[in-house]
Amino acid sequence: MKNFRLKTKKIMKFNLILISVLFISFVSCSEDQIDNLLSEEAISNQTAGAYFSTPDGFNDLSKSIYPLLRTIVEQRELVLNGTDIFSSSSGWADTGENLLQNKFDFYGADLNQGLSQVADLWIYLYKNINRANTVISRASDVVGMDENLKTTRVAEAKFIRSLCLFWAVQQFGDVPMPLSETVAASKEVIRVPSSEIYAQLISDLLETESALPDTATDYGRATKGAAQHLLARIYLTRGWNFNNSLGGSAADFNSALEYADKVINSYPMVSNYKDLWPKRNENPNLQTFGPADQDAKNSEVVFAVQFSAQALTNVMELDELDFKINSDGGSNAKGIFGGLGEEWPGYPGRTADYGRIQGFHHTTPATYRLFDPNTDQRYDHNFVEKVWAMVDEPGFIPAAGVDPIDISSGDLIIEFRPWDSPLPVSERGINEGGNKLYAVVNHADYGRQEESNYMNRGRGPMMWKFWEPGIQWGSGFGQYDVFVMRSAEAYLIAAEAIVKGATGGQLGSASDYYNTVVNRAIIGGALGNANMAADPTSLTSLATKSYRSSGNVTIDMILDERAREFMGEGLRWYDLKRTGKLIERAKAMNPWVGDLNFIQEYHLLRPIPLKEIDLASGLTQNPGY
Numbered sequence: 002m003k004n005f006r007l008k009t010k011k012i013m014k015f016n017l018i019l020i021s022v023l024f025i026s027f028v029s030c031s032e033d034q035i036d037n038l039l040s041e042e043a044i045s046n047q048t049a050g051a052y053f054s055t056p057d058g059f060n061d062l063s064k065s066i067y068p069l070l071r072t073i074v075e076q077r078e079l080v081l082n083g084t085d086i087f088s089s090s091s092g093w094a095d096t097g098e099n100l101l102q103n104k105f106d107f108y109g110a111d112l113n114q115g116l117s118q119v120a121d122l123w124i125y126l127y128k129n130i131n132r133a134n135t136v137i138s139r140a141s142d143v144v145g146m147d148e149n150l151k152t153t154r155v156a157e158a159k160f161i162r163s164l165c166l167f168w169a170v171q172q173f174g175d176v177p178m179p180l181s182e183t184v185a186a187s188k189e190v191i192r193v194p195s196s197e198i199y200a201q202l203i204s205d206l207l208e209t210e211s212a213l214p215d216t217a218t219d220y221g222r223a224t225k226g227a228a229q230h231l232l233a234r235i236y237l238t239r240g241w242n243f244n245n246s247l248g249g250s251a252a253d254f255n256s257a258l259e260y261a262d263k264v265i266n267s268y269p270m271v272s273n274y275k276d277l278w279p280k281r282n283e284n285p286n287l288q289t290f291g292p293a294d295q296d297a298k299n300s301e302v303v304f305a306v307q308f309s310a311q312a313l314t315n316v317m318e319l320d321e322l323d324f325k326i327n328s329d330g331g332s333n334a335k336g337i338f339g340g341l342g343e344e345w346p347g348y349p350g351r352t353a354d355y356g357r358i359q360g361f362h363h364t365t366p367a368t369y370r371l372f373d374p375n376t377d378q379r380y381d382h383n384f385v386e387k388v389w390a391m392v393d394e395p396g397f398i399p400a401a402g403v404d405p406i407d408i409s410s411g412d413l414i415i416e417f418r419p420w421d422s423p424l425p426v427s428e429r430g431i432n433e434g435g436n437k438l439y440a441v442v443n444h445a446d447y448g449r450q451e452e453s454n455y456m457n458r459g460r461g462p463m464m465w466k467f468w469e470p471g472i473q474w475g476s477g478f479g480q481y482d483v484f485v486m487r488s489a490e491a492y493l494i495a496a497e498a499i500v501k502g503a504t505g506g507q508l509g510s511a512s513d514y515y516n517t518v519v520n521r522a523i524i525g526g527a528l529g530n531a532n533m534a535a536d537p538t539s540l541t542s543l544a545t546k547s548y549r550s551s552g553n554v555t556i557d558m559i560l561d562e563r564a565r566e567f568m569g570e571g572l573r574w575y576d577l578k579r580t581g582k583l584i585e586r587a588k589a590m591n592p593w594v595g596d597l598n599f600i601q602e603y604h605l606l607r608p609i610p611l612k613e614i615d616l617a618s619g620l621t622q623n624p625g626y
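So the sequence shown is residues 2 to 626, counted in my numbering.
No incorrect hints appear here.
Computed cross-link-like contacts, DSBU-like style, restricted to lysine-lysine with a CA-CA straight-line distance of at most 30 Å:
1) 104 <-> 612
2) 501 <-> 263
3) 298 <-> 280
4) 151 <-> 263
These are computed hints drawn from the structure, not numbers from a lab.
Using the sequences provided together with the hints, build the complete structure.
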């Protein structure tokens, strides 16, 4: 590992071609940037072509396709907010300046071609596509390398290229599809029809399926299972045939089912849902786990983006636009889901005892109602239900006109009640006229602005599914991997494909696949109960319905289950777009989207970044922007 770092660091410093080819988007360089790069002083006589034609050099080159995936999967606003289960703010009643901060929730004029998040995603995707193309293009020049290993490395690159192109075509529609190394700046860029892109993706992945190993020699590299899982996703998406533009047909659903079964056969789900995630104690005062106890490797994970400092494929990365080497690992900001703990009484300021709580992604009120709080372990794991004081706070005033109380470390200070068991005023906190010395927040109050001193901002339990104990506030970055593909999804892909007409699944009906995922989450398995709100959009109704299937699986049931199982894992916007449910469900379940009613059909594609249009001839804007 040390030798790799030293070798790679040396190459990055002296090599013009590596910098200009691997780390720059093929349409994202200004002439000044190019001139600056060309003026860099070489400190070695060795060329990139010479080094990359050696086995060691080509192996190092192949590693370059992995680190940027970190940055790509952290573009979470584009796949979480503005959907049915996440928003940017917990205070739905807010107006004025807060509205301006929620571009991805209300789909207004600020969600446009100049938005930095959209431009960044485009740049990062195409940077990585060109890195993959460089590996593919230079393979023929490599001398002295085992041919089977070389074939594997090329297959990895084609997998990564396919993954990035798949993300790009879903977000932007018709996009450029470079299939060879970019060696010179060019302004000629052509948008390729989506149907051609999907055909290319499937062709490449069928090739990589046979070339990739069942098990990677280095953890984190692409495998045969990853190609099969991606094929299942792509076939499923093409089968829905968004706007009749993808070249899809009913046969694609059979292919999606076939490949989902292949993943299921090779990647058994872990028996306990909680074992997928970092170990922690729900009361930080009793915390016994730390970073050393966390291990993301398990049988269910098909492909993950690595964030460990020891990860082979992610040891080094140029810091996006600054060209500064970052070899520390980590930097996975997962404490960005809901809440603002520093404002809680008995909380020691900006610490990470409950995660580094920043609140970029808040769960919508309806989302909580998709879970059975009593029997579904995902509810208990995903949400902070109780908050305990971490330090003493004598003389705390719960609310105006209420006598002070003394809070001691370890005291319960906030309880977020499940949606199906609200408490009357008499059993709530003294801040609301009750008898309890802590705040009790009913589900009907989630998202409203708090008027007591227990919480100064919109209330609601934070989503802490990914929380890693021991993360310092100052860095706020975890080292737990991001799961891009895990086999639980293959079961739900299969169920969806069968609902859409696929036949021949090895487990039988859509219910058989669907219930496998539900039963894993429910305490008592198939014998346990699982009731969600009969109408998730009615925030006061206590009427319930079972979400275990008895033979009646629908697309909405599958979307509800995908919300429960994969919330926060970067799939939601794609799920809703694929099924044609984005507008319907976002309006119904996301208060920002529903109240403002700005969302339109054209929002099913993102705008092409303006700076890319300005830099490249041939790029046109998507309709509506």
